[in-house]
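Student: Work out the full structure: start from the sequences and follow the hints.
Here is how the chains run, residue by residue.
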Amino acid sequence: GAGVSQSPSNKVTEKGKDVELRCDPISGHTALYWYRQSLGQGLEFLIYFQGNSAPDKSGLPSDRFSAERTGGSVSTLTIQRTQQEDSAVYLCASSLGPEWADTQYFGPGTRLTVL
Amino acid sequence: AQSVSQHNHHVILSEAASLELGCNYSYGGTVNLFWYVQYPGQHLQLLLKYFSGDPLVKGIKGFEAEFIKSKFSFNLRKPSVQWSDTAEYFCAVNAVGTGRRALTFGSGTRLQVQP
Chain G
1 GAGVSQSPSN KVTEKGKDVE LRCDPISGHT ALYWYRQSLG QGLEFLIYFQ
51 GNSAPDKSGL PSDRFSAERT GGSVSTLTIQ RTQQEDSAVY LCASSLGPEW
101 ADTQYFGPGT RLTVL
Chain X
116 AQSVSQHNHH VILSEAASLE LGCNYSYGGT VNLFWYVQYP GQHLQLLLKY
166 FSGDPLVKGI KGFEAEFIKS KFSFNLRKPS VQWSDTAEYF CAVNAVGTGR
216 RALTFGSGTR LQVQP
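Those protein sequence lines, which keep their order, are chains G and X. Sequential numbering of the first sequence, starting at 1, is according to the working numbering. Sequential numbering of the second sequence, starting at 116, is according to the working numbering.
None of these hints come from the bench; they were simulated from the model. Just so it is clear, CB atoms sit at the ideal spot from N, CA and C, and this is done for glycine as well. Be aware that a few hints might be false.
[Claimed, not checked] Pairwise CB distance ranges (calculated):
hint : chain 1 : residue 1 : chain 2 : residue 2 : range
1    : X       : GLU130    : G       : SER58     : 39 to 45 Å
2    : X       : ILE127    : G       : GLN41     : 21 to 27 Å
3    : G       : THR113    : X       : HIS122    : 27 to 33 Å
4    : G       : SER53     : X       : GLU130    : 47 to 53 Å
5    : X       : ASN123    : G       : GLU85     : 24 to 30 Å
[Unchecked claim] The list that follows gives simulated cross-link-like pairs (lysine to any residue, SDA-like), each with its CA atoms no further than 25 Å apart:
hint : chain 1 : residue 1 : chain 2 : residue 2
6    : G       : LYS11     : X       : GLN157
7    : G       : LYS11     : X       : PRO155
8    : X       : LYS173    : G       : TYR105
9    : X       : LYS184    : G       : ASP102
10   : G       : LYS11     : X       : GLY156
11   : X       : LYS184    : G       : GLU99
12   : X       : LYS164    : G       : ALA2
13   : G       : LYS11     : X       : GLU203
14   : X       : LYS176    : G       : THR103
15   : X       : LYS164    : G       : PHE45
16   : X       : LYS164    : G       : GLN41
17   : X       : LYS164    : G       : SER27
18   : X       : LYS164    : G       : LEU96
19   : X       : LYS176    : G       : GLY3
20   : X       : LYS176    : X       : LEU128
21   : G       : LYS57     : X       : GLY214
Tutor: Quick look at the structure:
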């Protein structure tokens with residue numbers, strides 16, 4: 001079946017602009033995660049959704065970052081007033097449910113470049 | 116908070132050589148352990164995972180990993196690497212019973228296999 005999809009695949013923006021990144025999880029997966037992968041920082045957790053609720057937002061680096069999930073499916077990560085340090089690959093993952101044993105499946109990522 | 120260390124940042128091997136990539140984590144409780152692989156230009160894929168039971172786990176493409184609880188380690192091994200194994204390898208952990216469902220990743224090991 002279809003995997004996790006993300007759009008756009010690449011986004012170049014100017015410092016100070018807002019951006020929206022989209023994630024479509026695997027159909028039927030109730031858990032959704034956002035991570036980012038940047039040079040020198042590895043993979044960092046941002047936010048976790050179970051259904052439409054976000055019980056863990058502890059990884060969001062500042063209040064410029066927000067995310068929502070609607071219909072228990074699509075999620076959007078919004079970065080307001082982008083800064084150069086926001087440049088990274090933003091990864092979305094989904095899993096069947098919230099169980100510890102559930103495997104997370106990753107999408108291809110959105111490469112964000114802030115000029 | 117849990118952390119994951121991958122001590123080998125860049126490994127260069129010749130084809131048919133044996134591989135062992137180190138992974139250590141810091142959490143005293145029950146853990147789930149994962150190895151993910153990212154081939155050039157592709158997204159993260161699950162290589163293998165450990166939840167419980169036999170500490171020697173076999174994954175795809177001839178990879179295996181051994182969970183040694185007393186050493187807090189989950190090293191990845193392959194007896195004979197191929198050029199197609201060139202990729203970046205990430206070890207990840209989640210700490211069962213904590214409030215955190217997200218994975219904590221190591222910084223990754225870049226494997227280069229020379230023909």
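Student: Indicate, hint by hint, whether the structure satisfies it.
Tutor: Now for the hints, and whether the structure bears them out:
Against the hinted window of 39 to 45 Å, the Cβ-Cβ separation of X/GLU130 and G/SER58 comes to about 43 Å, which satisfies the hint. As the Cβ distance of X/ILE127 to G/GLN41 is approximately 24 Å, the hint placing it in 21 to 27 Å holds. For the pair G/THR113 and X/HIS122, the beta carbons lie near 31 Å from each other, so the given range of 27 to 33 Å is met. For the pair G/SER53 and X/GLU130, the supplied restraint of 47 to 53 Å holds, since their beta-carbon distance comes to about 49 Å.
A C-beta distance of roughly 28 Å is found between X/ASN123 and G/GLU85, which places it inside the suggested range of 24 to 30 Å. At roughly 18 Å between alpha-carbon atoms, G/LYS11 and X/GLN157 fall within 25 Å of each other, so this suggested pair holds. Under the criterion of a C-alpha separation no larger than 25 Å, the hint pairing G/LYS11 with X/PRO155 is consistent with the structure, at around 20 Å. Distance check on the hinted pair: X/LYS173 and G/TYR105 sit about 19 Å apart at the alpha-carbon level, within 25 Å; holds.
Between X/LYS184 and G/ASP102 the CA atoms are separated by roughly 21 Å; this keeps the pair inside 25 Å, and the hint holds. Between the alpha carbons of G/LYS11 and X/GLY156 the distance comes to roughly 17 Å, so the proposed pair stays at or under 25 Å and holds. Taken as a hint, the X/LYS184 and G/GLU99 pair is honoured in the structure, with Cα atoms around 22 Å apart against an allowance of 25 Å. Proximity of X/LYS164 to G/ALA2 is assessed by CA-CA distance (about 22 Å); at most 25 Å being required, the pair is judged to hold.
Distance restraint check for G/LYS11 and X/GLU203: the Cα-Cα separation of roughly 23 Å lies within the 25 Å cut-off, and the hinted pair is therefore satisfied. Distance restraint check for X/LYS176 and G/THR103: the Cα-Cα separation of roughly 18 Å lies within the 25 Å cut-off, and the hinted pair is therefore satisfied. For the suggested pair X/LYS164 and G/PHE45, the alpha carbons sit about 19 Å apart, so the restraint of at most 25 Å is met. A threshold of 25 Å between alpha carbons decides the hint, and for X/LYS164 with G/GLN41 the separation of about 23 Å falls inside it, so the pair holds.
Taking the CA atoms of X/LYS164 and G/SER27, the gap is about 22 Å. The hint holds against a cut of 25 Å. For the suggested pair X/LYS164 and G/LEU96, the alpha carbons sit about 16 Å apart, so the restraint of at most 25 Å is met. With a C-alpha separation of about 20 Å, the suggested pairing of X/LYS176 with G/GLY3 holds against the 25 Å cut-off. This hinted pair checks out: X/LYS176 and X/LEU128 have alpha carbons roughly 17 Å apart, not beyond 25 Å.
Pair hint G/LYS57 plus X/GLY214 holds up; C-alpha atoms about 11 Å apart against a cutoff of 25 Å.
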